[in-house]
Amino acid sequence: MLKITNLNSGYGKLQVLYDLSIEAPGKGITVVVGPNGAGKTTLMSSIMGIAKVISGEILFEDVPIEGDLTHNLAKKGISYVPQMGNVFAELAVSDNLNMAGYLMTKEESKIKAEQMLEIFPVLKKFYARSAGTLSGGERRMLAIAMGLMKNPKLMLLDELSTDLAPIIAEKVMKEVARMRDELGITILMVEQMAKRALEIGDTAYLMVSGEVRYAGKADDLLHEPELCSMYLGIKAGSEDAIAEIEKPSTEGSE
Amino acid sequence: MTPWMASGLVYASGLALTAGSITLLFIVTRTFNFAVASMATFGFYVAYTGVALYGGLPYQYYPLVFLFGSFLGIVCYFGLNRHLLRRQAAEITLMMSTLGYDLLLLSFIQMYADYLTHSYGLFPRRVTLNTHDFELFGERAAAIILPVIAIGLLTLLHQFMTKTRFGVAMRATIENPVLAGASGINSDRVYMVSWIIAGGMATLGGAFMAMAMTGTPTMGMFTIPLMFAGAILGGLTSLYGGILGGFMIGMTEYAGVFYLSQQLGPWVLGYRMAIPLILMAATLLLFPRGLAGIPLGKIIEKRFGRKRGESA
Amino acid sequence: MTTDNKSYSNLGLKDFFLKREVMVIIVILALLTFLFASRGVNIILTIFIDFAVFAIITMSLNLETGYTGVPQFGRVAAVIIGAFAVGAIPGRIMAMFMGLPYGVEYASDTVNFRLVPEINQVLAGSWLISLGFLIFSLFIAAICGAAIGWLISRPAIRLKEGYLGISLLAFGDFFMWVGHNWNAMVGGSVPVSVPDPFRIFAGSRFMVIVLVIFVIAFLVFTYLQKLHRSPFGRSLRMIRDNDLSAGAAGKNIVSVRTQSLVIGAALAAVGGGLYVLYVGSAASIGFTKLTFTFWPWAFMMLGGIGSNIGVLLGVFVLVILRTMIVIFRSQWFGFLLQIGIDPLWLEFTLMGAVIIIVILFMPHGLVPEKVEPMLPKSRVRAVMERRRLAKEQGNQS
Ligand SMILES: Nc1ncnc2c1ncn2[C@@H]1O[C@H](COP(=O)(O)OP(=O)(O)OP(=O)(O)O)[C@@H](O)[C@H]1O
Ligand SMILES: [Mg+2]
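Protein chains in written order, with the numbering used here: chain A, 9 to 262; chain B, 6 to 317; chain C, 3 to 399.
Bound-form chain A, shown alone (with noise of 0.2 Å):
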């Protein structure tokens, strides 16, 4: 679905990603963990034509996507959720939708955030307000809303947990994986919550200063101890994941 080989990306002059191979296969949720500016958003960023390519490949259904405009993309069925800046912020919510489902109808755009509404029901009492006035959290699931909304094939979801309270978070967990069983989206993630991300996803990438750390099955991440201790700080291969699903990982890159 999307395929990444030989990634060189940055900013400017100063380069973030060095030789980055990474695959999502179809319908699979793919998880990306990393101590904080290993460059886990700029990979998003570069997939989503923000950040800029010096070199590599992007295919995404076996075309190549690197250079594409970001609108282009949003077209093709890439749907993002983004770290930050995630909401129109001078926007009313209402509005926020609507500009999440600009590519469709006006009256396929209502009936989807009608959808959402469902699925979020805080948002439902801020409507009419400006998403700047949203606190933390309510930001976020209209974020994630407004990500949901696009009926995309392949979703980019930047840290969809933080700021969320646990019982919200792991809803949004269900959420994310229901999206890859019934709807059948392939899913890209970047998460601190590792341990929970881990364990419904499929395949796992660990990133450390721009470079791929470790490749493999979510599963058998989560049981090499050095790796888990070292950069996501949680405990491989132990039981109580109800107990790390509660507290956030600690962010330490030591």
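Calculated from the structure, these hints are not laboratory results. One thing to keep in mind: the hints can contain errors.
Which stretches of chain C does chain B cover? Using the computed rule of at least three CB atoms under 8 Å from a CB of chain B, they are [stated by the list, open to error]:
no.: 1; stretch: 202-212
no.: 2; stretch: 262-275
no.: 3; stretch: 293-304
no.: 4; stretch: 312-319
no.: 5; stretch: 351-358
List of simulated lysine to aspartate or glutamate pairs, EDC-like, C-alpha gap at most 16 Å [claimed, not checked]:
no.: 6; chain 1: C; residue 1: 162; chain 2: B; residue 2: 144
no.: 7; chain 1: B; residue 1: 168; chain 2: A; residue 2: 126
no.: 8; chain 1: A; residue 1: 83; chain 2: B; residue 2: 138
no.: 9; chain 1: A; residue 1: 161; chain 2: A; residue 2: 178
no.: 10; chain 1: A; residue 1: 21; chain 2: C; residue 2: 243
no.: 11; chain 1: C; residue 1: 372; chain 2: C; residue 2: 243
no.: 12; chain 1: A; residue 1: 35; chain 2: A; residue 2: 210
Ideal Cβ placement from N, Cα and C applies to all residues, glycine included.
Use these hints to put chains B and C with the ligands onto chain A, whose structure you have.
What follows is chains B and C with the ligands alone, placed relative to chain A:
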């Protein structure tokens, strides 16, 4: 209305449109558009050509003036601005490129003025268009019509930006181009439309100003610092702020010159432009950082009932 | 980037740039020969004077914009102040010593046209007074320029990029208007004659002026090159390239920028003063932002922002082209004249086209700025060599 108020209103309406044009382009494309100078002059010449060759009132040529400005805007966008935006050029480069365009336009204006003289025997280098005005309610019509047109245009723009899907998409792009792109909004089209609108506003503003001042081939070049001063005063964060800033600059200039020349004598007239510039310098000294620090834009927006988020 | 690599591996940085410079110089020489052959020596001297005056002004602009990163869109202000200082002050002082009227009436055209010839006679009599007059004129121009540079920098200096540019433009215009309107100083719209310190050379006056302006331009050039390499120059570049890290490194950004603006304005004012001495009168109408802000910008952009050699070449090429438009206007642009259009307007077309073409197709200009390494040359060479070796090894495997 006293005479200074009448011509002040006319002049300030024109300045408001040009300052609004600068602000609009800046918030959408990060471009400080120098070319408003010659665009404004072109606006005057379109109106003048209409009146001089085909008769009638200047007002009836305003639609044409706006269209011509849009055309100039599109040319600048596709010929210049688009490539530089793609390249993520620095603010100064964007600004310089519009200066180059402005100089090209200026040379065309000068040649056009020569041509008018040669082929039609006109004297297009010093024109007082307001002799073609009529009286309305005992006032110069321009003092009433032009503010009304300006306010009408602003209302129309406001409706467009809040009620239509594309207008909302424009606001979305202004706020967050990345997310807008990821939502499938073609930023190219947003930039193009803003050049169309801003171009039209600039030329129309020039045609307005020529109803209060002498129209010359360098009138835009002469008043460009004031247009920028208006945009800066308005905070460069919202279109409405820009328009109000331009209006305030225009009115203070006229009011200030009127009172000061009564107090100090007519020599003040030569330094009339000092008044708005001192206003601008004061703004800069008081709010050196963002100029967004001036709550002007926000005040206006509150009036229009929009709440702002935490982003500046 | 690719050109850099090439030059490192086979030519060496220096040869590469030299080649480009040499090409431009050949074009300049060819054009000059052509003009000399068709119009004689006077046109060459005029070009030389224009070149030298604008070289000084454009280099001062390059100091502010190229070295420091301040978009100086108000260059005309310092030039006009320098010009008016020379128009107003030294002549008045001479008049004072000679017991002539030196107050407001000095500038009024009925008095001025009788005064200046008298002063000129004194100047023509003594080379010492002439030299003193010249030096004093330039000194006073520099002082006034520096003052205005400081004044303009006050409200603007803390601003960023575009804001800074348009504020400088506005304040530049403001001082331009003051110059145009302050009748008591230099007669406002009526040109005031300026005493002529070169009178003493009678027949060869023109030649001497060319020589003097050239020497001053050369001094400015060497001064700026030196400044560029000095610690102060390094601070300038550091601030230009990244003011955040420069601030973190303990540089006082505002004060360094202010210094740069003050020096730049003083140099530009000297340029304006020289121009006035050469023309022999200070006509405010002649000092517009088109000639003394936008043209220098076009020169600098064509030459290469940040590179003084480039700036000199850019000025030379464009001054020649400008002159050619003027002298060949009826021969080459007859078709325009036929519909009543004065080909002189093509000057603006040229200026606009140069700016646009440079921005779109050669953003670094004719002679790109040499990136002056912060490390000693030997270290840099060692590092480059190591990188090259590493690359070759990488390619082989
Ligand atoms: N717009 C930018 N311009 C310049 N450098 C950037 C930019 N965005 C990120 N960087 C740099 O690139 C590196 C990688 O950043 P990135 O945002 O990709 O990290 P990340 O893995 O997403 O980290 P986090 O887990 O904190 O979100 C960082 O060192 C960062 O400073
Ligand atoms: Mg990130």
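message: Three residues or more, CB to CB closer than 8 Å: is that satisfied between the stretch 312-319 of chain C and chain B?
response: That given contact is violated, which follows from only 0 residues of the stretch 312-319 of chain C lying within Cβ reach (below 8 Å) of chain B.
- request: Would you check the hint for residue 35/A and residue 210/A, treating anything up to 16 Å between C-alpha atoms as holding?
  value: 10 Å, holds
task: Can you take a look at whether the stretch 262-275 of chain C is actually covered by chain B? Rule is 3+ residues, C-beta closer than 8 Å.
output: violated (count 0)
8 Å C-beta criterion, at least three residues: is the stretch 293-304 of chain C covered by chain B: With 3 residues closer than 8 Å to chain B, the stretch 293-304 of chain C meets the three-residue bar; holds.
Distance restraint between residue 372/C and residue 243/C, which requires alpha-carbon spacing of 16 Å or less: OK: residue 372/C and residue 243/C at ~14 Å, within 16 Å.
- prompt: Within 16 Å, alpha carbon to alpha carbon, are residue 83/A and residue 138/B?
  reply: 53 Å, violated
query: Are at least 3 residues of the stretch 202-212 of chain C within less than 8 Å of chain B when you compare beta carbons?
result: Our answer is that it is violated, as 0 residues pass the Cβ test (under 8 Å) against chain B, missing three.
- prompt: When you check the alpha-carbon spacing of residue 162/C and residue 144/B, does it fall within 16 Å?
  reply: Given that 16 Å is the threshold and the Cα spacing comes to 44 Å, the pair is violated.
- request: Count the residues of the stretch 351-358 of chain C whose CB lies closer than 8 Å to any CB of chain B, then report whether that count reaches three.
  value: holds (count 7)
- request: Sort out whether residue 126/A lies within 16 Å of residue 168/B, counting only the CA atoms.
  value: Violated. Residue 168/B to residue 126/A sits at ~25 Å, over the 16 Å cutoff.
message: With the threshold set at 16 Å, check whether the alpha-carbon distance from residue 21/A to residue 243/C stays at or below it.
response: Given that 16 Å is the threshold and the Cα spacing comes to 13 Å, the pair holds.
message: Need the status of pair residue 161/A, residue 178/A: alpha-carbon distance at most 16 Å?
response: 23 Å, violated
Hints 1, 2, 4, 6, 7, 8 and 9 from the earlier list are contradicted by this structure; the remaining hints agree with it.
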